[in-house]
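Participant: Take a look at the letters that make up each chain.
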Amino acid sequence: MAAILIRFFGRFAEQAGQELSFEMPEDGLFISDLRAQLAERFGPELLDPRVRAAVGDVIVGDERKVRPGEQVDILAPLSGG
Amino acid sequence: MRCGTILTERAIDAPKLLGEFVKACENAGGVVSFCGLARGRDADGRIVATLRLERHPRLTERSLEQIARDAADRFDVSDILVVHRWGTIPPGDVIVFVAAAARHRRAAFLGADYLMDRLKTDAVLWKKEEGIDGGRWIEPTEEDRAAVASWEK
Numbered sequence: 001m002a003a004i005l006i007r008f009f010g011r012f013a014e015q016a017g018q019e020l021s022f023e024m025p026e027d028g029l030f031i032s033d034l035r036a037q038l039a040e041r042f043g044p045e046l047l048d049p050r051v052r053a054a055v056g057d058v059i060v061g062d063e064r065k066v067r068p069g070e071q072v073d074i075l076a077p078l079s080g081g
Numbered sequence: 001m002r003c004g005t006i007l008t009e010r011a012i013d014a015p016k017l018l019g020e021f022v023k024a025c026e027n028a029g030g031v032v033s034f035c036g037l038a039r040g041r042d043a044d045g046r047i048v049a050t051l052r053l054e055r056h057p058r059l060t061e062r063s064l065e066q067i068a069r070d071a072a073d074r075f076d077v078s079d080i081l082v083v084h085r086w087g088t089i090p091p092g093d094v095i096v097f098v099a100a101a102a103r104h105r106r107a108a109f110l111g112a113d114y115l116m117d118r119l120k121t122d123a124v125l126w127k128k129e130e131g132i133d134g135g136r137w138i139e140p141t142e143e144d145r146a147a148v149a150s151w152e153k
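Top line first, the protein sequences correspond to chains X and U. Quick note on our numbering: the first sequence kicks off at 1 and runs consecutively. Quick note on our numbering: the second sequence kicks off at 1 and runs consecutively.
Just chain X, with the same shape it has in the complex (with noise of 0.2 Å):
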């Protein structure tokens, strides 16, 4: 099994902590499923769809496959200004 890094941006970081490190396929694996491998583990909120994610701080949709060494970033529903 392979791994990406994982950072928590909002409120997720108080439940899943700011960094961790998260087993997947060798062959990638798609945000949609990322996702919701995340909310099993952490509660459903991750699948709220003004969740957002990053990948080398672009964001992207939940088509994405993300590869072994990627580091993503889940971005809780903004609240700035």
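It should be emphasised that the hints constitute simulated quantities derived from the structure, not laboratory data. These numbers come from a predicted model, not from an experiment.
Taking lysine to aspartate or glutamate pairs in the EDC-like style, the calculated list, with each CA pair at most 20 Å apart, reads: (1) Lys128(U) x Glu14(X); (2) Lys65(X) x Glu26(X); (3) Lys128(U) x Glu45(X).
Model the placement of chain U on the given structure of chain X, informed by the hints.
Facilitator: The following block gives chain U in isolation, referenced to the frame of chain X:
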């Protein structure tokens, strides 16, 4: 066209920023500015000890730049400034300062209004009110969402 964004952990001196902004404007007939302040009480009336704003190492600044650029592209403004604070913010302090200058006041008002509506929903930041009973993460309200959506009509 001057378009500036600043993300800072330091206290924002709004009068100083406004003074400098006005002084540096060329060709402007009007300047509109807005300060967002950290409220001392939350929506339920409980005292807020501090407001904590979390940022992303790179996406936060990028989001401020994009929002400022979008305002500059959309309205006939000559100068734009967005200054957003992150970190621990005591009640009463300035969270965000925006200013828009234009030859005509309508564009300046619209530019500043648009900047705030966009910042409320698209700035990559996370707000948490912390008080005696613990903390509460803030999310944009229905009003915030309706406000930003109205610019799309």
